[in-house]
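First to last, the protein sequences are chains A and B. Reading the first sequence from the start, the letters are residues 12 to 337 in this note's numbering. Reading the second sequence from the start, the letters are residues 12 to 337 in this note's numbering.
Quick caveat, the hints were computed from the structure, so don't treat them as lab data. Careful: at least some of the hints might be erroneous.
Chain copies aren't distinguished; within one or between two, either way the pair holds.
Said to hold, decoys possible - Cross-link-like lysine-lysine pairs, in silico, DSS-like; alpha carbons within 30 Å at most: (1) Lys-133 x Lys-101; (2) Lys-148 x Lys-101; (3) Lys-210 x Lys-197; (4) Lys-252 x Lys-215; (5) Lys-300 x Lys-207; (6) Lys-99 x Lys-133; (7) Lys-252 x Lys-301; (8) Lys-101 x Lys-155; (9) Lys-99 x Lys-247; (10) Lys-300 x Lys-155; (11) Lys-247 x Lys-169; (12) Lys-155 x Lys-247; (13) Lys-301 x Lys-155; (14) Lys-207 x Lys-155; (15) Lys-99 x Lys-148; (16) Lys-155 x Lys-297; (17) Lys-207 x Lys-133; (18) Lys-118 x Lys-197; (19) Lys-252 x Lys-210; (20) Lys-297 x Lys-101; (21) Lys-169 x Lys-291; (22) Lys-197 x Lys-247; (23) Lys-133 x Lys-247.
Number of protein chains: 2
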Amino acid sequence: MKKSLILISSLCLFGFSAMATGIPDGMGVLPTTVPVPADNPMSEAKVELGKKLYFEPALSRSGQFSCNSCHNLGTWGVDNQKFSIGHKWKRGGRNAPTTLNSAFWSKQFWDGRAPLLEDQAKGPPLNPVEMATVSEKEAVARLKEAGYGPLFNDVFGKNSLTYDNMAKAIAAFERTLLTPNAPFDKFVRGEGDISKAAKRGMQKVADIGCTSCHSGPLFTNNEFVNFNYGEDTGVKSVTGKDEDDHLFRVQSWRNVAMTAPYFHDGSAATLDEAVQTMAKVQLGTKLSKKDVADIVAFLETLTGEAPEVAFPVLPRPAGHALNWRD
Amino acid sequence: MKKSLILISSLCLFGFSAMATGIPDGMGVLPTTVPVPADNPMSEAKVELGKKLYFEPALSRSGQFSCNSCHNLGTWGVDNQKFSIGHKWKRGGRNAPTTLNSAFWSKQFWDGRAPLLEDQAKGPPLNPVEMATVSEKEAVARLKEAGYGPLFNDVFGKNSLTYDNMAKAIAAFERTLLTPNAPFDKFVRGEGDISKAAKRGMQKVADIGCTSCHSGPLFTNNEFVNFNYGEDTGVKSVTGKDEDDHLFRVQSWRNVAMTAPYFHDGSAATLDEAVQTMAKVQLGTKLSKKDVADIVAFLETLTGEAPEVAFPVLPRPAGHALNWRD
Chain A
12 MKKSLILISS LCLFGFSAMA TGIPDGMGVL PTTVPVPADN PMSEAKVELG
62 KKLYFEPALS RSGQFSCNSC HNLGTWGVDN QKFSIGHKWK RGGRNAPTTL
112 NSAFWSKQFW DGRAPLLEDQ AKGPPLNPVE MATVSEKEAV ARLKEAGYGP
162 LFNDVFGKNS LTYDNMAKAI AAFERTLLTP NAPFDKFVRG EGDISKAAKR
212 GMQKVADIGC TSCHSGPLFT NNEFVNFNYG EDTGVKSVTG KDEDDHLFRV
262 QSWRNVAMTA PYFHDGSAAT LDEAVQTMAK VQLGTKLSKK DVADIVAFLE
312 TLTGEAPEVA FPVLPRPAGH ALNWRD
Chain B
12 MKKSLILISS LCLFGFSAMA TGIPDGMGVL PTTVPVPADN PMSEAKVELG
62 KKLYFEPALS RSGQFSCNSC HNLGTWGVDN QKFSIGHKWK RGGRNAPTTL
112 NSAFWSKQFW DGRAPLLEDQ AKGPPLNPVE MATVSEKEAV ARLKEAGYGP
162 LFNDVFGKNS LTYDNMAKAI AAFERTLLTP NAPFDKFVRG EGDISKAAKR
212 GMQKVADIGC TSCHSGPLFT NNEFVNFNYG EDTGVKSVTG KDEDDHLFRV
262 QSWRNVAMTA PYFHDGSAAT LDEAVQTMAK VQLGTKLSKK DVADIVAFLE
312 TLTGEAPEVA FPVLPRPAGH ALNWRD
């Protein structure tokens, strides 16, 4: 990680974990605070601006797509597509990961090519198979024409409508997209129970070794691990290094039941299939149907409360439309 | 109008209009209550269900488009496109009208082919250039798979997940999409002023006869009027009758400054151009630049407060994605 992070980690969680018995090592309640980069402090106005930008179709060449088109906050930060639909109905080559809790990841994208949300947010608007805006300059010009100038200036100071600040605001908004109070979290805090099947699943994932990577309260070690499955070479496709061959981010299990289909290539249509495949490919284990059902029952307890978002009204010029293309 | 309406009209408005002087006849504050069909009474649960359905991409074959894709509540119920982008990037042949205040219109669509919002809402999901779902049956099956059954049953009673009830819920939600407290409304109520230019424009539209059609507090007489402009024959394209040739709905001026481009064919890119063209084609009047500017200044005072909408979390099955196609 090149940029310094102020990690406001909720260490008090470990206090909570003691409240329920039989929780495997490391598992715990979703943290309530997120790492924030020193050069992009949070503020209410910045989050509100970032929310507008997250829902802003002016960031796409066509005027049709916003961040929310593929990372739909109505459907757990994903679109449930194998590969998302982009500009002129093109499709990308990787499954869109959720933006929920993404503030916790050490790096962004399946291949980790963006260190921070600030870096990630600069990608899709310019990606020709996603939003297909021609250049940073064009995106900024469109936002200016829409009337974003004063909103940026209120947050970042004079003449601050830049592509970098756009990304900063979006990242600040995304840092609010947490999903607390999953049944598992309530169970850990001693506020509720989970089913016997879920408890068996919880123990099973520890016993067979899933939690060596899907570890901690986030159920990811935030590392990049070899998943030799399909032609996509993952991190190597970015670095070109053989040592990075087929490395992919270890995805969090948080809300995993709501983010089908699964894997970087969206090839697993169901959570059952994803669990079975991971056990086989990563651990050399053939799970029984009952074990799969138990593990899935446990994973379903990790669905938290979706963030409440007031749908933003976007700035627009009076009396004329923005200049959409294609 | 075939179906009976309970018209709960805000007649008390006329009391308010007396508070400001110099308001041309008929102009007044936006009503605060809307006509509601006897067979689809409003309820909080129905509105909430309708909101989910309004934002529901499961109603499109691809899983990409919802009502909100083209009637975006973040941008005044429109997408600011000449013709909206639909399934596989097809485009329709008419400009998408706003859903805001649409509860007040006597009939829906540019050609009035849907008597009520309930009828209108049944069109786009099945339209091959819009959401392209194959059949009502498929739409209902998809909603059922998503988990809407219990939500419908709470609102409409047992086994009530039907396409008709889907449309009823969407219509109920749309009846909440009002935009009160425009600067003009505040002016009429004696709570604020509008510019001198706007006042001149207000008088001008009455003097030259715009308000013979764009009349009353809604600035539409809710009629279908000849607008012989382009090849689209309007109502005749539905009825086949010569007497209906080139009849189009008289659009409301409410929020018109935010819904560019203009006309059924989206051919007027700016409000200035739309005003100039309407005066010429409909009234045989060539307006001066100053008159156009005054009228536009007046029209801009008709932009109200956009409705506050909490973005809904949509029902989804755990552990698998809905079966999107194409």
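Verification of the hints:
In this assembly of identical chains, the alpha carbons of Lys-133 and Lys-101 lie at most 30 Å apart whether taken from the same copy (19 Å) or from different copies (28 Å). With identical chains, the CA atoms of Lys-148 and Lys-101 are at most 30 Å apart both within one copy (23 Å) and between copies (28 Å). Taking the closest pair of Cα atoms, Lys-210 and Lys-197 come within 30 Å of each other only inside a single copy of the chain (13 Å); across copies the shortest separation is 60 Å, beyond that limit. With identical chains, the CA atoms of Lys-252 and Lys-215 are never at most 30 Å apart, being 35 Å at best within one copy and 72 Å at best between copies.
For a Cα distance limit of 30 Å, the shortest separation of Lys-300 from Lys-207 inside one copy, 16 Å, qualifies, whereas the shortest one across copies, 76 Å, does not. In this assembly of identical chains, Lys-99 and Lys-133 lie within 30 Å of each other by CA distance both inside one copy and across copies; the values are 20 Å within and 26 Å between. Within a single copy, Lys-252 and Lys-301 get their C-alpha atoms no closer than 40 Å, and across copies no closer than 67 Å, so neither meets the 30 Å cut-off. Taking the closest pair of Cα atoms, Lys-101 and Lys-155 come within 30 Å of each other both inside a single copy (27 Å) and across two copies (29 Å).
In the homo-oligomer, the alpha carbons of Lys-99 and Lys-247 lie at most 30 Å apart inside one protomer (29 Å), although the nearest pairing across protomers, at 33 Å, exceeds that limit. In this assembly of identical chains, Lys-300 and Lys-155 lie within 30 Å of each other by CA distance solely across copies; the values are 26 Å between and 56 Å within a copy. Taking identical chains as interchangeable, the C-alpha atoms of Lys-247 and Lys-169 are never at most 30 Å apart, the minima being 41 Å within one chain and 55 Å between chains. Taking the shortest Cα distances, Lys-155 and Lys-247 never come within 30 Å of each other, neither inside one copy (38 Å) nor across copies (42 Å).
In the homo-oligomer, the alpha carbons of Lys-301 and Lys-155 lie at most 30 Å apart only across protomers (27 Å), although the nearest pairing inside one protomer, at 57 Å, exceeds that limit. Taking the closest pair of Cα atoms, Lys-207 and Lys-155 come within 30 Å of each other only across two copies (28 Å); inside a single copy the shortest separation is 56 Å, beyond that limit. Taking identical chains as interchangeable, the C-alpha atoms of Lys-99 and Lys-148 lie at most 30 Å apart whether they share a chain (21 Å) or sit on different chains (28 Å). Taking the closest pair of Cα atoms, Lys-155 and Lys-297 never come within 30 Å of each other, the shortest separation being 56 Å inside a single copy and 33 Å across copies.
For the identical chains of this complex, Lys-207 and Lys-133 are neighbours neither inside a copy (44 Å) nor across copies (44 Å), given an alpha-carbon limit of 30 Å. In this assembly of identical chains, the alpha carbons of Lys-118 and Lys-197 lie at most 30 Å apart only when taken from the same copy (28 Å versus 51 Å across copies). Taking the shortest Cα distances, Lys-252 and Lys-210 never come within 30 Å of each other, neither inside one copy (41 Å) nor across copies (69 Å). Neither within a single protomer nor between protomers do Lys-297 and Lys-101 lie at most 30 Å apart by alpha-carbon distance, with minima of 37 Å and 46 Å respectively.
Taking identical chains as interchangeable, the C-alpha atoms of Lys-169 and Lys-291 are never at most 30 Å apart, the minima being 56 Å within one chain and 44 Å between chains. Proximity of Lys-197 and Lys-247 under a CA criterion of 30 Å is satisfied in neither setting, with 40 Å inside one chain copy and 62 Å between copies. In this assembly of identical chains, the alpha carbons of Lys-133 and Lys-247 lie at most 30 Å apart only when taken from the same copy (21 Å versus 49 Å across copies).
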